[in-house]
Amino acid sequence: MPLDTSIKSVLVIGSGPIVIGQACEFDYSGTQACRVLRAEGIRVILVNSNPATIMTDPEFADATYIEPITPEFVERIIERERPDALLATLGGQTALNAAMALHERGTLQRFNVRLIGADVAAIQRGENRELFREIVERIGGESALSIICHSLEDCVIAAELLNYPVVVRPSFTMGGLGSGIAFDELELMQIAGAGLRHSPTAEVLLEESIIGWKEFELEVMRDHRDNVVIVCTIENVDPMGVHTGDSITVAPAMTLTDVEYQKLRDLSLRIIREVGVDTGGCNIQFAINPDTGRIIVIEMNPRVSRSSALASKATGFPIAKIATKLAIGYTLNEIQNDITKVTPASFEPTLDYVVVKVPRFAFEKFPDADPG
Amino acid sequence: MSKAFLVLDDGRIFEGKSWAATGKTFGEAVFATGMTGYQETLTDPSYHRQVVIMTAPHIGNTGVNLEDNESAQIWVAGFAVRNPSTITSNWRSNGSLEDQLIAQGIVCIQGLDTRALTRHLRDRGAMRVGIFSGLDLTREEMVIQVRKSPSMAGAYLAADVSTKTPYIVPAIGVKRFTVAAIDLGIKAATPRSFAERGVELHVFPFNATFEEIMAIHPDGIFLSNGPGDPSAMNDVVDTVRKILDAEVPIFGICFGHQILGRALGFNTYKLQFGHRGINQPVIDRTTGKVEITSHNHGFALQAPTEGTFTTVYGPGEVTHVSLNDGVVEGLRMLDRPAFSVQYHPEAAAGPHDAVYLFDRFVELMASQKVGA
Chain A
1 MPLDTSIKSV LVIGSGPIVI GQACEFDYSG TQACRVLRAE GIRVILVNSN
51 PATIMTDPEF ADATYIEPIT PEFVERIIER ERPDALLATL GGQTALNAAM
101 ALHERGTLQR FNVRLIGADV AAIQRGENRE LFREIVERIG GESALSIICH
151 SLEDCVIAAE LLNYPVVVRP SFTMGGLGSG IAFDELELMQ IAGAGLRHSP
201 TAEVLLEESI IGWKEFELEV MRDHRDNVVI VCTIENVDPM GVHTGDSITV
251 APAMTLTDVE YQKLRDLSLR IIREVGVDTG GCNIQFAINP DTGRIIVIEM
301 NPRVSRSSAL ASKATGFPIA KIATKLAIGY TLNEIQNDIT KVTPASFEPT
351 LDYVVVKVPR FAFEKFPDAD PG
Chain B
1 MSKAFLVLDD GRIFEGKSWA ATGKTFGEAV FATGMTGYQE TLTDPSYHRQ
51 VVIMTAPHIG NTGVNLEDNE SAQIWVAGFA VRNPSTITSN WRSNGSLEDQ
101 LIAQGIVCIQ GLDTRALTRH LRDRGAMRVG IFSGLDLTRE EMVIQVRKSP
151 SMAGAYLAAD VSTKTPYIVP AIGVKRFTVA AIDLGIKAAT PRSFAERGVE
201 LHVFPFNATF EEIMAIHPDG IFLSNGPGDP SAMNDVVDTV RKILDAEVPI
251 FGICFGHQIL GRALGFNTYK LQFGHRGINQ PVIDRTTGKV EITSHNHGFA
301 LQAPTEGTFT TVYGPGEVTH VSLNDGVVEG LRMLDRPAFS VQYHPEAAAG
351 PHDAVYLFDR FVELMASQKV GA
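So the sequences go chain by chain: A and B.
The opening residue of the first sequence carries number 1 in our numbering; numbering runs sequentially from there.
The opening residue of the second sequence carries number 1 in our numbering; numbering runs sequentially from there.
Please note that the accuracy of each hint is not assured.
In silico DMTMM-like cross-links for lysine to aspartate or glutamate, where the CA-CA straight-line distance does not exceed 25 Å [stated by the list, open to error]:
id: 1; chain 1: B; residue 1: LYS289; chain 2: A; residue 2: ASP226
id: 2; chain 1: A; residue 1: LYS263; chain 2: B; residue 2: GLU247
id: 3; chain 1: B; residue 1: LYS289; chain 2: A; residue 2: ASP278
id: 4; chain 1: B; residue 1: LYS289; chain 2: B; residue 2: GLU363
Derived by calculation from the structure, the hints in this document are not laboratory data.
All chains should be built: construct the whole structure from the sequences, respecting the hints.
So, in structure tokens, the structure goes:
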């Protein structure tokens, strides 16, 4: 099916301020989205609290609001502009959270605004740890083993089952308060003891540690006819335990045989279908035990993520642009491949080069830090 | 490390370094674009008499293992890579790629500009090639030797790769069907795909007669992949015509698809540079869905891609078409139980999007059994 002509205007939510761990990636994706929508003759309404962005340049939207990305402000914009649809999967977590809040307030229903790109249920399934764990199990994948404990005695028994080190996560605490990694029983007593005290339900989750495992990411795209492609694989040279943003990463994955890569591909296809991301991109992360090959599904982002920007640059496959086209009704085989100009976008980029991303740590901003 | 040369039929010479075995080798120059699966590619009998150029720049990262071979030996005539890995990094590996290539006497070349070579072949088409490694020959001598080597057009290679005696691959679990496979260069993944579906596969040599095949009372006949020019295969085509007359269900893959097409009365032709990779989009015309598939073919079938066609065996239609160049990728008969695809649903290497075709064949056999 080509362009959905019932969509005449779209509200795009940008990513707001630049924060640690997020630079201009979402300005890049949001700008591409605005450009695609306007080229299709759709009225673009943009909200972004950050004027130091390309997307807020006047030529990218028909109406630009430099306002806080809070449900209250965005609701007022919706009330005034009455867009047909809301696109929130290209503005990072900030935009996605705003869209979810607008759904919960009933704003989207009240003003009859369709959420395009990913629906509310899919976002919840992708972002909620427990729901996602259930999905992974349903599709035949594995999550890290975990055991819920209510006492120190429970914790000691559980840790022996899981083997040290174990990750301790207290339930319902803010900002990871009381969580940590215990390498032996003494540390477990300290961390879990504090965790049990901090948790309002006196509950901690012990999880097997996957520190040191190989870490992979797959960038996946799906259209509303259920065509799915893997845009890119990324392998972290620094293993699990080092944040992806701080890791040296390479694309494509370098140390998987085809048998192993196809397992990740099969799991990714089943996950994006089961989560129900009907159109657009998502990013799925895996850990693999380097000695046994055991695969753990870590998490997914049901939206264009920071890794999408790297995957776009690495492959030439414009993820944000194509995610936008998919959101307004096109299918992958109806979109032209920007690299070849003659073949469709329903293909999986194959590279004859290797892309390496090396993080840059701005030690000059921290004169007292010791970079050695 | 001594110098090595990759010399093309048209006189173009690429300089590199010797790798694996030294000496000289000849074949058809083809490029394969898979970023994973070199071990499967090397051991795929369809690559017999072909010098494979890998577009992925880093080859050998995962070494070799005992499980991923597609046959008992390496079949490529020669192997050209940009940058072989000096270390092996994979938990299943039990040896380095170079050691394996040396053990099997495969003459290889490394360090040449594989991108320039691939572009040259895309522009000029597949052609004869030689690799000269550690030899003291003039450029003229090398080109003359390449031009004296046999060409792929008209090559009858089934006898080289086919089993000499019949053998049986048992079903996993309960046996539901007996299928006779005509081995024109079958890959290990195919019997595996059948076995998983309760099919006992009797693999016959390429020159098995209709009577020998029918003596086992097969529920279906499988025509395998394999190397060579389909237009040279008149004997097997005649056998397939007898099978069509007997109305036993037929499933063909790759070379087997071309043989079925020829039995129906269509011609085959040589593609400019062939399809060899694991990212090829194919559309199923009956459902409109796109599959990402594994390809390895230098020839293709000439058949009408719109509407239905008529043959002496009744009406049929082209079911699958390449989205990249419109080449016929699958067909089926409408009144007889026969279908085939040009690509590789058994994958290895490659995605599993098309494995449903094995289920379709099992269903076809089940429906025929009920009707009988």
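Out of the numbered hints, which ones does the structure contradict? Hint 2 contradicted; others consistent.
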